[in-house]
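Visitor: Protein chains in written order, with our numbering: chain A, 1 to 344; chain B, 1001 to 1345.
Calculated from the structure, these hints are not laboratory results.
Please read these numbers as outputs of a predicted model, since none were measured by experiment.
Note that beta-carbon positions come from the ideal geometry of N, C-alpha and C, so glycine has one too.
Some hints could be false.
[Unchecked claim] Calculated from the model, a selection of chain B residues having no Cβ within reach of chain A, i.e. all distances over 12 Å:
1) Phe1033
2) Gly1035
3) Ser1061
4) Cys1063
5) Tyr1128
6) Glu1142
7) Asn1206
8) Ala1233
9) Arg1278
10) Asn1289
11) Ile1320
12) Ala1322
13) Ala1330
14) Gly1336
15) Tyr1337
16) Asp1339
[Stated by the list, open to error] In silico SDA-like pairs for lysine to any residue, Cα to Cα no more than 25 Å straight-line:
17) B:Lys1212 - B:Gly1087
18) A:Lys148 - B:Arg1070
19) A:Lys65 - B:Asn1289
20) A:Lys65 - B:Ser1167
21) B:Lys1212 - A:Arg267
22) B:Lys1212 - B:Arg1070
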Amino acid sequence: MTAPAPLVRARDLHVSFVSRDATVKAVNGVDLDLDAGEVLCILGESGSGKSVTLRALMRLNPPNKAVVSGELSVAGHDMVTISDRQLSSVRGKVVSMIFQEPMTALDPVYTIGRQIGETLVRHEGIGRREAEQRALELLELVQIPSAKRRLQAYPHELSGGLRQRAMIAMAISCRPQLLLADEPTTALDATVQIQILLLLRQLQQELGMGVIFVTHDLGVAGEIADRIAVMYAGRMVEAGSTVDVMRGPLHPYAKGLLGATVHSGLRGTRLTTIPGSPPDLRHPIEGCAFAPRCPHALETCSAGVPEFRPMQAGRAVRCFRSEEIAGATTRPPSRTTPQGVLLP
Amino acid sequence: MSDTQQIEDRGGPAQPLLIVKGLVKHFPIGSVFTGKQVVRAVDGLDFTIDKRETLGIVGESGCGKSTASRLIMSLIAPTEGEIVFDGDLVGAAGGISLAEYRRQVQMVFQDSYSSLNPRLTIEESIAYGPKVHGTPHREAGERARDLLQAVGLAPRQYARRFPHELSGGQRQRVNIARALALRPRLIILDEPVSALDKSVEAQVLNLLLDLKEQFGLTYLFISHDLNVVEHVADRVLVMYLGKIAELGPVDDIFGRAGHPYTRALLASRPSMDPTRRRTQPPLVGDPPNPINPPSGCRFRTRCALAREICAEREPGLYEIGAGHQAACHATQADSGYGDSRRLAA
């Protein structure tokens, strides 16, 4: 690819899902840049649009329901207008994806070796036998013990951790430039999660892939990401380097998320919470989407959508009041009443 | 008997609310071709829960923690073992009847949607239990609305809604209200916040801690998330392959863990500090198959400290501190561990 262009470039990306009953505006104007060999974590809660954004990068959203607009290119391919034929040579070769639930992402009726080989046969035009040999090397690369035997195994014969490793092997088989990961460790135990994270980090460095990693877990983001982008209600609300975002989040939502993450040393205290719940994207949102839950919200916050403004080096935040909030010694986000929160 | 009040304390404060003795559950599997096999889901659990404390159970998936919770709730029958509730043997002559036991012990499940009847409004769901136990309809409905208020859902707005009209966090609040409806003394919480988003998780955890105070409850809190357990539990039980690996006060487990498995679990938590990332996985591989667990210590196949003795002899649950026990030969001077040779990896 030509050198200066970023690996991924999205400008004002919109995705909405249209059905007879409602139109859900899942992604409402996302700008995204990813350089080759960079790891970006998109952090957000369910319904924030993080997975839809990720799927848009591979055009995996259902074509008859999803309406995509804006600009989106991956390694020079325009993913909004790409033809189906081109798409099938881009998927797997240029960009590939690992999913949260390997049991449903793998085909239950083919062996692991066959499934990994299929990608190689399709993209590299090698024979079955050679593909099998390459699949074996890949299984060893993702540190599956007794790889030779595992080649003949069906997905149900593997544990969750091994299945996820097999899926990673499949995803990296053609050395893609971009790896997308949709909560790949959420279904795993903590002891296995850390193994998979370390493996992904190692492979990313060895193969020099760009990685976009979607998660709702701040701790996971801290282990793997170079940069973090926080999404809320279909928009980026904060972006910055992992250290900056985790040490000093600027957006009230990112702050709340950090405060609400249970970690050591909070015992005996009440957890700070974000009151209420995320907005329903079936209905249009006036102004800042986070304003109804925000401890710093003023009336003016509902007047218009705040811009995604660059702050210091490499940081951006979508908040009208970010300077005031950052300047003041921040009081923690509102604590709930003893009875919990009366939801709107 | 009135059921609007919590049943009074019978055994006194020194009597543990729940005593679990030798609890075993083996699930038979296999066929005429493969021969008879059993999954040793729970393989000998002994512990107590004191009144008004929170006991946390942690472990990886497949370690038997959910089976244990279902055994204690008597949703499934144990292969062996007995449960004593406030001094009364459960389900035995002269003890406490199953119906009465189930009034005093309630459960909240992980999946907030599938544990509610989709055809009942949430008020009906909450009132269902009290009605079964003989509360008049009107009174049961009133109590349901009081409880909705107590869990932070305005009754006027929510009482007539159906489960699908609520968010996950709201549904979990309904499940908690339903568990409270019979004024239980013990609530079993099986991964109650695992399916929730972080911001909602914190709300529900705060609520659970408040309700515990307000209603004088005792919790059995099951979770795979050590941070959550550290936050809510007074004592922690670490399970591995159907057995207790370690049991002790929360500060001891998190500060002075005795079992290598507990230490590995603790070290597997993301560091929350991007400048100090993990470089080595604390544990490799997955837990072994509970159909055919390793001989001796069940953790030895993944343990960095394993020696020959660990394969030969199963460790007992050794006392390593006040109320702090660990099932590991390495913690004992006289276990023969010191003289034993390292296991070939």
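Visitor: Does Arg267 of chain A sit within 25 Å of Lys1212 of chain B, going by the straight-line distance between their CA atoms?
Guide: With a Cα-Cα distance of about 15 Å, the restraint between Lys1212 of chain B and Arg267 of chain A holds, given a limit of 25 Å.
Visitor: Just checking, Arg1278 of chain B versus chain A, shortest CB gap more than 12 Å?
Guide: violated, 6 Å
Visitor: Just checking, Gly1035 of chain B versus chain A, shortest CB gap more than 12 Å?
Guide: Answer for Gly1035 of chain B: holds, closest chain A Cβ roughly 19 Å.
Visitor: Compute the least Cβ-Cβ separation between Tyr1128 of chain B and chain A, then decide whether it is above 12 Å.
Guide: It holds; Tyr1128 of chain B is separated from chain A by about 23 Å at its closest Cβ, greater than 12 Å.
Visitor: Looking at Gly1336 of chain B again, its CB stays over 12 Å from all of chain A?
Guide: holds, 28 Å
Visitor: Is the claim that Glu1142 of chain B lies outside the interface with chain A correct, judged by CB distances over 12 Å?
Guide: Since the minimum Cβ distance to chain A is about 18 Å, Glu1142 of chain B lies beyond 12 Å and the statement holds.
Visitor: Against the 25 Å threshold, does the CA-CA distance of Lys65 of chain A and Asn1289 of chain B hold or violate the hint?
Guide: Violated - the C-alpha atoms of Asn1289 of chain B and Lys65 of chain A are around 43 Å apart, more than 25 Å.
Visitor: Asn1289 of chain B: least C-beta distance to chain A exceeds 12 Å?
Guide: violated, 9 Å
Visitor: Just double-check Phe1033 of chain B for me: nearest Cβ-Cβ distance to chain A has to come out over 12 Å.
Guide: For Phe1033 of chain B, whose nearest Cβ neighbour in chain A is about 17 Å away, the distance exceeds 12 Å, so it holds.
Visitor: Between the alpha carbons of Lys65 of chain A and Ser1167 of chain B, is the straight-line distance 25 Å or under?
Guide: Since the Cα atoms of Lys65 of chain A and Ser1167 of chain B sit roughly 24 Å apart, the hinted pair holds (cutoff 25 Å).
Visitor: If I take the minimum Cβ distance from Ala1322 of chain B to any residue of chain A, is it greater than 12 Å?
Guide: holds, 19 Å
Visitor: Test the statement that Ile1320 of chain B is away from the interface with chain A: the closest C-beta pair must be farther apart than 12 Å.
Guide: holds, 22 Å
Comparing the model with each earlier hint shows violations of hints 3, 4, 7, 8, 9, 10, 18 and 19; every other hint is respected.
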